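S.K.: If you count the sequence shown from 1, position 27 lands on 27 in full-length UniProt numbering, and the numbers rise without skipping.
No lab work stands behind these hints: they were computed from the structure. Since the structure is predicted, the reported quantities are computational estimates derived from the model, not experimental observations. For every residue, glycine included, the Cβ atom is placed at its ideal position computed from N, Cα and C. You may find that some hints are simply not true.
[Claimed, not checked] Result set (SDA-like, lysine to any residue): computed pairs, CA atoms no more than 20 Å apart in a straight line:
| hint | residue 1 | residue 2 |
| --- | --- | --- |
| 1 | Lys214 | Glu429 |
| 2 | Lys526 | Ala325 |
| 3 | Lys292 | Pro278 |
| 4 | Lys374 | Gln392 |
| 5 | Lys302 | Arg255 |
| 6 | Lys526 | Pro211 |
| 7 | Lys383 | Pro335 |
| 8 | Lys311 | Lys292 |
[To be verified] Derived Cβ-Cβ restraints for the label pairs, each shown as a range:
| hint | residue 1 | residue 2 | range |
| --- | --- | --- | --- |
| 9 | Asn519 | Ala127 | 53 to 63 Å |
| 10 | Asn327 | Leu495 | 31 to 41 Å |
| 11 | Leu471 | Ser377 | 22 to 32 Å |
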Amino acid sequence: MTVVATAAALSLPISFSKSPKLNYKKSVKVGFRVFAVFGEEGATEIKSGWQTLFDVEDPRTKVPQSKGKFLDANQALEVARNDIQYCDWRARQDVLTIMHLHEKVVEVLNPLARNYKSIGTMKKELAELQGELAEAHKQVHKSEARVSTALDKLAYMEELVHDRLLQDRNTAELDSPSTSPGTSTQSHDSITRRSPKKSLNVSGPVEPYHPRLKNFWYPVAFSSDLRDDTMIPFDCFEESWVLFRGKDGNPGCIRNTCAHRACPLHLGSVNDGRVQCPYHGWEYSTDGKCEKMPSTRLLNVKIKSLPCFEKEGMIWVWPGNDPPAANLPSLQPPPGFQIHAELVIEIPVEHGLLLDNLLDLAHAPFTHTSTFAKGWSVPSLVKFLTPASGLQGYWDPYPIDMEFRPPCMVLSTIGISKPGKLEGQTTRECSTHLHQLHVCLPSTRQKTRLLYRMSLDFAPILKHIPFMHYLWRHFAEQVLNEDLRLVIGQQERMLNGENIWNMPVSYDKLGVRYRLWRNAVEEGAKQLPFSKSN
């Protein structure tokens, strides 16, 4: 019963019909074929737990030999019984053959599975190895960059130590002449007076801008915004001005107030290189001279104008009383960058507060959580590494280089890889970069004209996508709005007497240096601090 059930489970064809005639030769031949499979050396040595189930004697040796042509009933019954036994034996042999073959397949394949892999598996493992190799190369590059950063830090520390030793030596020289306690105390007091502790106090209403702060070239507009038939009105140091192009195509800057009845000139038009007042039609050239007075006799009238110059896609003015400097600074992006956006935005805060904000990156993971710093982790320590004498340096651990360029510009280069992610520790480790220029023109004591320029060293196709500048402007305004709600709050408290620089820490270094530079300018220092000549 067990044998039949086993054979049925394996779908073996077992016939229980009477066989009227047995073909012994065929049976023997088939039997020999079955045994030939396992007749090889070692085939009969295979042992397993189910081997005894098939250990049955070949029933063909017991087939009754008939002497006559016809069989009696007993002989027919015996033949039928032997026929069933044979079928059972044959089924056992077929199952045995299949199971032995299965064992041989497993035996053959198992070593192959250990030593060889499928093509798909090998491709997958090869890809994993290539990924690991690429990561190893990346780590090597990062290590090289870290070594370079460490060398920079070491040089910076050496410079600090040198400055400290020099300061200690000067102090020792001042202390050496003292011969009595009284003299020593006096010398100590003189040292204290000569080396006061530098502190910042930025509080109360904003004082009127000092005239010395005006004696610089200031960028006021982008060249692309000033066409031949347009005017650009703007405020600078609490005075209203208007830009336009003269007959020769060069830009000019004059007071935005008509000499006749104080009408805003920018409400008028540009005719043949002159600004025409919309009230009575008086026309002014780029030097401020009134060249046309309709309906009356021409008088010798001239309004104030500013030295104006165009360079590298920007228009500059000199609002100070001193003679203009001969050279204009260059604000071009580094080689390999293309300009993608130029924006002008009016900001309702004093320009110094906006510069304080732009020169500080430590606030990014707390303030800009919905824009460029989304997903940034908060570092355990943020440092701005810069030479002892300078207004530029780089942020650690952020891959950002930054510079304050007097009198009101901030330039930064940011290493980027993926949106919201930071790659490496310095910009040199990054393959793609974003360069930014922020010009914070002091319009009034509570308003700043911000000129923003963005450049990329990748994806030049973005320049040719229609309406892309609207997207850049939307993103820039989003970032600014995250800052403004905080800076406007600072301004309100500053006007009420709070000191916004009450407790600076190490990552405020660049902002503190800007404030010290500005104070030195307003105080009329002969040698400005942190200049390259120091």
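S.K.: If a hint holds in the structure, say so; if it does not, say that too.
M.R.: Now for the hints, and whether the structure bears them out:
no., hint, result
1, Lys214 with Glu429, "violated (40 Å)"
2, Lys526 with Ala325, "holds (16 Å)"
3, Lys292 with Pro278, "holds (13 Å)"
4, Lys374 with Gln392, "violated (26 Å)"
5, Lys302 with Arg255, "holds (10 Å)"
6, Lys526 with Pro211, "holds (15 Å)"
7, Lys383 with Pro335, "violated (27 Å)"
8, Lys311 with Lys292, "violated (30 Å)"
9, Asn519 with Ala127: 53 to 63 Å, "holds (60 Å)"
10, Asn327 with Leu495: 31 to 41 Å, "holds (37 Å)"
11, Leu471 with Ser377: 22 to 32 Å, "holds (27 Å)"
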